[in-house]
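**Q** Here is what each chain is made of, one letter per residue.
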Amino acid sequence: MIDYNVAPFEVVRDYDKCVNCRVCERQCSNEVHHYEEGFGKMISDSAKCVDCQRCVCLCPTKALKIVPNQNAFRPNANWQQKYLTEIYKQAESGGVLLSSMGNPEPFPVYFDKILINASQVTNPSIDPLREPMETRVFLGAKPQTIERDAEGKIVTKLPPRLKLSMPVMFSAMSYGSISYNAHAALARAAEALGIYYNTGEGGLHKDFYKYSANTIVQVASGRFGVHKDYLEDGAAIEIKIGQGAKPGIGGHLPGAKIVGDVSKTRMIPEGSDAVSPAPHHDIYSIEDLRQLVYSIKEATEYKKPVIVKIAAVHNVAAIASGIARSGADIIAIDGFRGGTGAAPTRIRDNVGIPIELALGSVDERLREENIRDNVSLVVAGSIRSSADVVKAICLGADAVYIGSASLVAMGCHLCRTCNYGKCNWGIATQRPDLVKRLNPDIAAERLINMLTAWNHEIQEMMGGMGINSIEALRGNRLMLRGVGLNERELAVLGIKHAGEV
Amino acid sequence: MKKYVLIGGSIATEGAIEGILSADKNADITVLCGEKRPLYSRPLISYALEKKTTDEKMYFHGEDYYEKKGVKAVYAVAEKIDPAEKVIIAEGKEYPYDELLVATGSKPFVPPIKGLESVGKKHTFYTMDDMLELRADLEKGGKVLIVGAGLIGMKCAEGVKEYTDDIVIADMAPRPLPAATTPEAGAIVQERLSSIIDFRLNAALDHFDGNKAVFGSGEEVTFDILVLALGVRPQVGLLKEIGAEVNRGIIVNEKMQTNLPHIYAAGDVVESYEAVGESKRLLQLFPSAYLGGKTAGKNMAGEDSRFLTDIPMNATNLFGVRITSAGLFVGEKTEVTVGEDYRALYTEGGVIKGFILIGDSARAGILTDFIRKKRPIGDLCAKELLAGRDLSVYPAEERRAALGGKYEI
Amino acid sequence: MKKIYVKEEWCLGCHLCEFECAYANSGIGNIVLALKDKEIDPNVKVLSDGKITFAVSCRHCDEPLCISACISGALSKDETGAVMVDRSKCVGCGSCVMVCPYGAVRITKEGTANKCQLCMNNSCGEPLCARKCPNGAIVYEEK
Chain A
1 MIDYNVAPFE VVRDYDKCVN CRVCERQCSN EVHHYEEGFG KMISDSAKCV
51 DCQRCVCLCP TKALKIVPNQ NAFRPNANWQ QKYLTEIYKQ AESGGVLLSS
101 MGNPEPFPVY FDKILINASQ VTNPSIDPLR EPMETRVFLG AKPQTIERDA
151 EGKIVTKLPP RLKLSMPVMF SAMSYGSISY NAHAALARAA EALGIYYNTG
201 EGGLHKDFYK YSANTIVQVA SGRFGVHKDY LEDGAAIEIK IGQGAKPGIG
251 GHLPGAKIVG DVSKTRMIPE GSDAVSPAPH HDIYSIEDLR QLVYSIKEAT
301 EYKKPVIVKI AAVHNVAAIA SGIARSGADI IAIDGFRGGT GAAPTRIRDN
351 VGIPIELALG SVDERLREEN IRDNVSLVVA GSIRSSADVV KAICLGADAV
401 YIGSASLVAM GCHLCRTCNY GKCNWGIATQ RPDLVKRLNP DIAAERLINM
451 LTAWNHEIQE MMGGMGINSI EALRGNRLML RGVGLNEREL AVLGIKHAGE
501 V
Chain B
1 MKKYVLIGGS IATEGAIEGI LSADKNADIT VLCGEKRPLY SRPLISYALE
51 KKTTDEKMYF HGEDYYEKKG VKAVYAVAEK IDPAEKVIIA EGKEYPYDEL
101 LVATGSKPFV PPIKGLESVG KKHTFYTMDD MLELRADLEK GGKVLIVGAG
151 LIGMKCAEGV KEYTDDIVIA DMAPRPLPAA TTPEAGAIVQ ERLSSIIDFR
201 LNAALDHFDG NKAVFGSGEE VTFDILVLAL GVRPQVGLLK EIGAEVNRGI
251 IVNEKMQTNL PHIYAAGDVV ESYEAVGESK RLLQLFPSAY LGGKTAGKNM
301 AGEDSRFLTD IPMNATNLFG VRITSAGLFV GEKTEVTVGE DYRALYTEGG
351 VIKGFILIGD SARAGILTDF IRKKRPIGDL CAKELLAGRD LSVYPAEERR
401 AALGGKYEI
Chain C
1 MKKIYVKEEW CLGCHLCEFE CAYANSGIGN IVLALKDKEI DPNVKVLSDG
51 KITFAVSCRH CDEPLCISAC ISGALSKDET GAVMVDRSKC VGCGSCVMVC
101 PYGAVRITKE GTANKCQLCM NNSCGEPLCA RKCPNGAIVY EEK
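Chains as they are written, first to last, in the numbering used here: chain A, 1 to 501; chain B, 1 to 409; chain C, 1 to 143.
Just so you know, the hints here were simulated from the structure itself, not pulled from any lab data.
Treat the hints with care, as some may be off.
Calculated cross-link-like contacts (lysine-lysine; reagent style DSS-like; alpha-carbon spacing at most 30 angstroms) [unchecked claim]:
(1) B:K36 x C:K89
(2) A:K62 x C:K89
(3) C:K51 x B:K374
(4) A:K303 x A:K153
(5) C:K89 x B:K107
(6) C:K77 x B:K52
(7) B:K3 x B:K68
All chains should be built: construct the whole structure from the sequences, respecting the hints.
**A** Have a look at this one:
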């Protein structure tokens, strides 16, 4: 058999700097490096390298770098090399191509074509170091009217809400797709920051019940790990209809990863594949969704907000409108750039729409129908920085979910090989020797640091615009201008072009 | 303020000073140094002879040690203890005490050998003065006979080698270091050193005749300088004469108390509890003196302290042959040879009783800890323990506590 | 007194602590020059019981047995309570090695004793192993 595989990366070692400490050898789960005793030097097998950057980061003398393998097929703007290598793989295996993390293809990134305003002469800037800046948000339905008694106390019964110290939450990533230590770090950071993290469809490990005040529990189509205590223990319950990385299909965790605590938490036998079906088999219409929303509310005595999470697809605005009338308190929309532990490559790369456009159209539609206050909108699907957060809020979001960004904060280098389960950073793996590498004390501190920094940056950007609360920023499309966008794009986003007043 | 008087100015006294000060910071301490020198380390005398250290460095905590510690040093020989009046009489003066430590150490034993008085240059090798006198004779040249192939005789030989290659070491025993090694280990040491040292073993001295030693076999050895290293005797006189319980040494309990109230003893002069044989005996070792002295000091200052982990120990490097041993060589013996190194482990009742290592001694302290703590050897393989050991042989909780948190020795 | 503590549940057995220790005590400013083509003999050693790994270095005991056995005064406690080695005084008798229950002190090929001195004897000032451990398995703190 001919080996058609081309190693995508090449390990380049500066032998003048290499001191044979063998850290690269000890820390590579793909067994790329080894010390050749007879020759007294380190040898690297580049074919196995996935460019996770672990060895580069740990090398004490910075002797390593990973570069793209310059071995090139004949240039072809249409038949790019990746299409060829993917066909070679399928011709060899007959299998569906699987990928991890979010869509890497060069579709437009709208956040990078949107610019934020700043105040100059009129409506001056606010100095966030001197003036109070309100970054707290409350997620949930907003009552149409507020009634007060004689003393001025509110008598209207307020629906259940989530209180966030800043408009960012940790997105759903299941225990099984990521490690126990990663969950521990997310839970601790959520508690310390005063925000929430999401269990994803893997259930909630009993060690994390103590963080229940900061936990959103997810009920996905496979209903893994869903039992009475699980629902009781969440601060909110999220019904997952879809996920940005793989709209229309369910989740898949291979049996090899269903071991020990993962199996117990998901409530399925060890070694069995955890395949979530594409639809919830009890939701075949919007009325069915309303029924499930209210069943959950009944079961939890109406004390917890219910979130419905959908992927951003073509008629997302109509779907959102239906959900806003179903009794859900929060709609979470996941754009096509969203991450995943494993998804079929073709679906990840070709299905769904950008979150920026989805958000613009959903927010507009709900306002038009006068039901915008029925729900809060939370968006996800590649929020990469505090600037993306601000732009999302201006486009109409109440808050954002961050998935990939939190993993990156914990050490992920987006090598996109999570599906092999050999994550060198201890994040997307269940191997105990690898999970060890993610010390939750360190990882939680990194998450807290990142979001503290983002919060500060958000305040700076808001202050620059002369705005002092997220509430005043939300849906404030006049604070945004597009650049390099056409008429249609500007219309969907609901923003003007840069230069227009 | 409590008055502490310490008779003797060597290692046990050093330990006692540390022990007293740890419990009674403002203690009034007086040391009666019969040897009339500031604190120095006796084991260093052979190294000084060998030029591996200097005469100044023998004062291993500095010549001003007593001043630094706020201790009054009196260079006088203690002559009598009056336990009723609680005073010491030393060279005409009286030194009152509340608590007394007797750390008078030992003296080289010189048996009444026929003709010894006819020998010109004869030496013992125990104190700094002994070393200085020997060095003075060595500098004039000549052949050296050392009688006694124990640790002192052998270390002396190492120093003498700096001056002459012409050394004979004689001993009644069939091998060198008879007390410090096992027959197998001693044989290996002898074999390794026989090209450097002229050993006359199984040689019992009969008499001297000027510069000639004559042995029971009839063998004769001529020499210019004689060193007698035939062992040491504890200097028990001061306490024996006032009715303390004395055997070969002064008997003390685990708090280093003699049977006389307010009188403690420590160091080479005592017979104290030895943890492997679980009985009292003379140990006469450097760490035993220090730790025993420290225990005495703490008890003298009112803090309850017991010395229950004293074991025989020996670490030395003789002409490049490293010998490390601890405990007693009793029970079941396991031997291994690693390269040129001989190693033996002695176990009884599932517990390590002793070990001896010739050559590399890396992490030997782990074996010593097993002996001292009487930790069961469990599933550990004796041969593997001898080949090499590290913290992974301890139970996991002990190791985690030792590395991750507070741990008691 | 701040000491080095090891959290063996986080030790990855990467051995970076050993190389950083050798670098810290090399007296050479550039890490490549300090380590290139050298056989290292660091004061911290990564050991294993077959299942987990852990780094072992001097515990700077409150009542150090090594000091009680040292005949030359080479081992002593400084004002902070750290156990320091004055190699110029050491005569290589090996008594310290014989008593240390952790196997943390050794006789080097130069024939004198050496062990961790919390990087107080080199220009790092604070233990480099703790600073460079990638997973927080070695910490330098007060307990």
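**Q** K36 (chain B) and K89 (chain C): Cα distance at most 30 angstroms?
**A** holds, 24 angstroms
**Q** Taken at face value, is the distance from the CA of K374 (chain B) to the CA of K51 (chain C) at most 30 angstroms?
**A** holds, 26 angstroms
**Q** Regarding the pair K89 (chain C) and K107 (chain B), is the alpha-carbon distance no greater than 30 angstroms?
**A** holds, 27 angstroms
**Q** Going straight from one Cα to the other, do K303 (chain A) and K153 (chain A) come out at no more than 30 angstroms?
**A** Within the cut-off at roughly 21 angstroms; holds.
**Q** Verify the proposed pairing of K3 (chain B) with K68 (chain B), using a straight-line Cα cut of 30 angstroms.
**A** holds, 18 angstroms
**Q** For the pair we were handed, K62 (chain A) and K89 (chain C), check the Cα-Cα distance against 30 angstroms.
**A** violated, 39 angstroms
**Q** Within 30 angstroms, alpha carbon to alpha carbon, are K77 (chain C) and K52 (chain B)?
**A** At roughly 23 angstroms apart (the allowed maximum being 30 angstroms), K52 (chain B) and K77 (chain C) satisfy the hint.
When each numbered hint is compared with the structure, a violation occurs for hint 2 only.
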